[in-house]
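Engineer: Take a look at the letters that make up each chain.
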Amino acid sequence: DAGITQSPRYKITETGRQVTLMCHQTWSHSYMFWYRQDLGHGLRLIYYSAAADITDKGEVPDGYVVSRSKTENFPLTLESATRSQTSVYFCASSERGPVHTGELFFGEGSRLTVL
Amino acid sequence: TQLLEQSPQFLSIQEGENLTVYCNSSSVFSSLQWYRQEPGEGPVLLVTVVTGGEVKKLKRLTFQFGDARKDSSLHITAAQPGDTGLYLCAGEVSNAGKSTFGDGTTLTVKP
Numbered sequence: 001d002a003g004i005t006q007s008p009r010y011k012i013t014e015t016g017r018q019v020t021l022m023c024h025q026t027w028s029h030s031y032m033f034w035y036r037q038d039l040g041h042g043l044r045l046i047y048y049s050a051a052a053d054i055t056d057k058g059e060v061p062d063g064y065v066v067s068r069s070k071t072e073n074f075p076l077t078l079e080s081a082t083r084s085q086t087s088v089y090f091c092a093s094s095e096r097g098p099v100h101t102g103e104l105f106f107g108e109g110s111r112l113t114v115l
Numbered sequence: 001t002q003l004l005e006q007s008p009q010f011l012s013i014q015e016g017e018n019l020t021v022y023c024n025s026s027s028v029f030s031s032l033q034w035y036r037q038e039p040g041e042g043p044v045l046l047v048t049v050v051t052g053g054e055v056k057k058l059k060r061l062t063f064q065f066g067d068a069r070k071d072s073s074l075h076i077t078a079a080q081p082g083d084t085g086l087y088l089c090a091g092e093v094s095n096a097g098k099s100t101f102g103d104g105t106t107l108t109v110k111p
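From first to last, the protein sequence lines are chains H and R.
Residues 1 to 115 in this note's numbering are what the first sequence lists, from first letter to last.
Residues 1 to 111 in this note's numbering are what the second sequence lists, from first letter to last.
Source of the hints: derived by calculation from the structure; they are not laboratory data.
Heads up, a few of these hints could be off.
A partial selection of chain R residues facing chain H, derived with a Cβ cut-off under 7 Å [what the hints assert, rightly or not]:
id, residue
1, T48
2, G52
3, G102
Have a look at the derived ranges for each label pair, beta carbon to beta carbon [claimed, not checked]:
id, chain 1, residue 1, chain 2, residue 2, range
4, H, Y10, R, P111, 42 to 50 Å
5, R, K56, H, R96, 15 to 23 Å
6, H, K70, R, P111, 20 to 28 Å
7, R, E41, H, V65, 39 to 47 Å
8, R, K110, H, G16, 40 to 48 Å
None of these values were measured; they are calculated from a predicted model.
Using N, Cα and C, we set each Cβ at its ideal position, and we do this for glycine too.
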């Protein structure tokens, strides 16, 4: 099915462990994004990518690593998870250009709990 | 510093009432979007506004972009329980390719 899918949907881990959240889109959108959503903070941008092999930091990048070797995939890695990284993580994609509004298409989210 | 300020943060009204949600900033946006999010799901786009002074209507929802492109409002007429959700505004500065979100307005419409 076309769309943007995230996995896992739910993850419980322990402090200090490495965790990777996966994101896959089938639209061939050039842009992909990772946001985290916490109560009282709305959506905050972690990292984004304008194309394969091009990534850039957002508002809250510390403690996270991303890669984009293929256009359709944009994994987010927490190298050493901390309790403050407990959150709901949303992946999104969009296309740019004269006929595009920059609409963000979101996945269903990955709820991460760090104990 | 929050780039986009949304107000009110919470709104609880009765079915049939009207309401307005505001999104304000000191920055000028090349475009601004409104999203609606339901529990357990990702946000879904309602509208994009790009021109200062622009007004867009989507059934009972009216969106306005300020003349200076620094603020926006969402007005809902005759709210229904199905309008319940989190409303988020998101702005893009200078076609930077990334959007900044406001903290959202949680709307509850009681039958």
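Engineer: Please flag the earlier hints that this structure goes against, numbers listed from lowest up.
Structural biologist: 2, 4, 6, 7
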